[in-house]
Amino acid sequence: MMDTLLDVENLWVRFPTRQGVFDAVRGVSFTLGRERLGIVGESGSGKSMTGRAILRLIRSPGIVEADHIKLDGVDLLQKSEKEMREVRGERISMVMQDPKFSLNPVMTIGDQIIEAYRLHNKASKSEAWGKALEMLEAVSIRNPERVMRAYPHEMSGGMGQRIMIAMMLIPNPEILIADEPTSALDVSVQRQVLDIMDKLVKERGMGLIFISHDLNLVADFCDRVLIMYAGRIVEVCDADKLHDAQHPYTRGLLNSLPRLDAPRARLDVLSRDPEWSEAPSVSGRI
Amino acid sequence: MAEQTLRAWLLTDTPTSRRHAKLSALYQGWLAFRANTMAMIGLGILLALVLIAAAAPLLAPHDPYVQDLGNRLAPLGSEGHILGTDSLGRDILSRLIYGARITLYIVALVAMIAPIVGLLVGTVSGYVGGWVDIVLMRITDIFLAFPRLVLALAFVAALGAGIENAVIAISLTAWPPYARIARAETLTIRSSDYISAIKLQGAGGLRIITKHIWPLCVSSLIVRVTLDMAGIILAAAGLGFLGLGAQPPSPEWGAMISEGRRFILDHWWVATMPGLAIFTVSLAFNLLGDGLRDVLDPKAGE
Amino acid sequence: MALTEDGGKGRARVSLPPWIKTTALTLGSIAVTMLGLLFVTFIIGRVMPIDPVLAIVGERASQSTYDAVFLELGLDKPLVVQFGYYIWDVLHLDFGTSLLNARPVSEDIARVFPATLELATLGIFIGIVIGVPLGVVAAARKGSWIDQVARVLALVGYSMPIFWLGLMGLLVFYGILGWVGGPGRVGIFYVDVVPSVTGLILVDAALDGNWDVFKDAFSHIILPASLLGYFSLAYISRMTRSFMLEQLSAEYITTARVKGMSEWDVIWKHAFKNIRVQLITVIALSYANLLEGSVLTEIIFSWPGIGSYITTALLSADMNAVLGGTVVVGLIFILLNIFSDLLYKIFDPRAK
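Quick mapping for you: the protein sequence lines, in order, are chains A, P and B. For the first sequence, my numbering begins at 1 and goes up steadily by one. For the second sequence, my numbering begins at 287 and goes up steadily by one. For the third sequence, my numbering begins at 589 and goes up steadily by one.
In short, the hints are calculated from the structure, not lab data. All C-beta atoms in this analysis are idealised placements derived from N, C-alpha and C, irrespective of residue type, glycine included. Check each hint, because a few of them may be wrong.
[What the hints assert, rightly or not] Simulated crosslink set (DSS-like; lysine-lysine; CA at most 30 Å straight-line): (1) B:Lys609 - A:Lys131; (2) B:Lys803 - A:Lys100; (3) A:Lys79 - B:Lys933; (4) A:Lys82 - A:Lys125; (5) A:Lys122 - A:Lys241; (6) A:Lys100 - A:Lys131; (7) A:Lys125 - B:Lys609; (8) B:Lys609 - A:Lys122; (9) A:Lys125 - B:Lys933; (10) B:Lys861 - A:Lys122; (11) A:Lys70 - A:Lys241; (12) B:Lys861 - A:Lys100; (13) A:Lys199 - A:Lys131; (14) A:Lys79 - B:Lys857; (15) A:Lys125 - B:Lys730; (16) B:Lys730 - A:Lys131; (17) A:Lys100 - B:Lys665; (18) A:Lys100 - B:Lys857; (19) B:Lys609 - A:Lys82; (20) A:Lys70 - A:Lys122; (21) A:Lys100 - A:Lys241; (22) B:Lys861 - A:Lys82.
[What the hints assert, rightly or not] Selected chain A positions facing chain B (Cβ under 8 Å, derived; list incomplete): (23) Trp12; (24) Arg85; (25) Glu90; (26) Ser93; (27) Met94; (28) Ser102; (29) Leu103; (30) Val106; (31) Gly110; (32) Glu115; (33) Ser124; (34) Met155; (35) Ser156.
If we strip away everything but chain A, and leave its shape as in the complex, we get (with noise of 0.2 Å):
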């Protein structure tokens, strides 16, 4: 069995609102190994919430309570903010969906990156400078010497979303949370990104969560899959078999997506069953 690097267990995220306290997230459990581990929903089904809550990212109003988020053993949510700091982009980062509005308009690139590895690593400005070129040509980023003293408005989104993955990337985590990182790229640069993701992730033996809404491309792409409905996780598998699934949202969701290799006339629209959000989450421990 592969060793376990995150453990979230009862995970709950909740936000007061005049019409009562919203849970955006219920009793959401599972486990991280060095692997790639899709999280797969609709919009509002508490995905990003979910990536979000493990970085203690959310402010308050907002409320994280859960039994445990433990980083190799220790219990994150039992740390001060200031230990809290050490974990964020040392250990645990995360490249959001559109690199137009996560980086920073009026700081060159360089500067940002350089920002985030002397957050982590006593260098000099010189040395950041090289780690950063470095890093830039890992993620395949040609001319980085230009980049570096670039604006990210300069900047393609493809280009956006490989400066963000370097810079995430240079202090050396041990797990990346992806939110959507493709969704607001080109589909022809869509590919690419990910395969330099999915590159850097193995070459370090890195943990990575996937976040997305794209099913498809989850399954592609993760080992294993966490499918949320209404803040709760209705249905756990492996990629591979991700087009078995049992639960009938998994099954509307397959269901209302076109297929190359069984094309039908007409796609089902998705009905749902209040019953689902009242279940309970499944466990997507292993």
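Dock chains P and B against chain A, hints included.
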């Protein structure tokens, strides 16, 4: 029971007619507004102001114009003069009460003139477009480029001092922001699909502007006007203070401060009381405006 | 037909580099705005119920003197030509002669302007130094007591008549507590003690090394400057807060947090960097508003600046002085706007 059903009727998710939908939206807005304590306080103060202005002759203990030189500059809490008397022995409280009328008069006039001018200029500019738009917006920019009070000063200088001229001067400096807002709204509405649909039905420009664009501009204008009211009151008081607004012996609050200024060190209440009145009313408008903005234009809140 | 027309336009565009076009457009719009400003003051001057000739020659002048001056002023020419003369004069900084003291208005303005400049600059300084951090903290700790305090401060600032607050300040800090100097720029014993080099009395006193004058001048300026500072603080802190809130909800802030950055650095190194440009615009605008707010403040504190000058001129129907003052303040407004646009282009990498 009847009340309960009325409430239910107003809160329905499935309105049965256009009027029903409108009333329902209005009621729900009111519920949201009512939950905002500060805004309700503002509304309360302004309602009180209207009542005071309306019932001034009944409420005022003295004639605001009658002088009593034997009893000049009486301090706070003097017999018969709770807020004291001014340099001519006139009762300050009575003058404040009558002054409410002047304040409301100015506010109402400016609120009638400036937003309507702005709405006209803005919608025409946005709807017609082309060189009309360029010219009108240039003019708007020119007025915006002027410091408001200084421009108002110059206008009053040209027109002569007096309350009506002060109103005109303030309106002349107040309309450009409304024109900007109305133009922006018009531009978004103009390109929307339902306007194209109306055009296909044969509606002319005038009809589209008056029946479809104006009603939609109104809510953002109302918010802006309410928030601007405080500034208008302060500007009017400033002109009054400089002797360019309401003329003596009129009990305008700004002019009263100006009068009291000479005695500020020895008889502080003469200038203090009218200032407090101005502050209270413009604070009320600010509170009300904030509340209205939250209800009508929630996006602009933060 | 349409084709050739478009083709011609297209060619004309290609031949000019884009920056020349934008510069020309900017300069053009500035020129139009300035022209508009002059037109408005010109019209105000015409509408004025004062006979400019009578104002110069006096009531008892003979008809021939009157006619001579009438012609000299060009009042027989069409309005357009008169407007041309007016622009010509203003371009040469000639705003006519003050009717009160028979001196050129431009000289008067040059004399009183430094007083306003000194006051407004110290005011905006106070407004920035307190307002910006207050707004940033209010946004970072949204809903906390600091946020509430900032909100109340701003609300009161928006609702308070500045001249009244000035009077109250004078009453309390000068009349009752005696902490500050009273009206005027310096006490009576210090008038004209230091040579006027810059016209800014604090600077002049410091240059002269006369610290007594400096202290006295400071005790006079601090109250009106704080007053102006408070009003700009109200505006600056509110705007800073809303800009910061907008940035703090942006995704790149999450990125910075994911990197493991401290909240302090997230706020100042990332979010604040992004609002600098907007802040510059707000500060330029409130600086302009301070010049305006100083009209009433100057009256309260008998401050011999441009606000006092315009108002005094107004009350004595000295039209040249009023219009001259208005034009100068208007031009400063426009210049401040251009200045903030320029800084915008320098500081925002996206604007290049």
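Item checked: Ascending list of hint numbers which this structure does not respect -> Of the numbered hints, 1, 2, 3, 5, 7, 8, 15, 16, 17, 19, 21, 23, 31, 33, 34, 35 do not hold.
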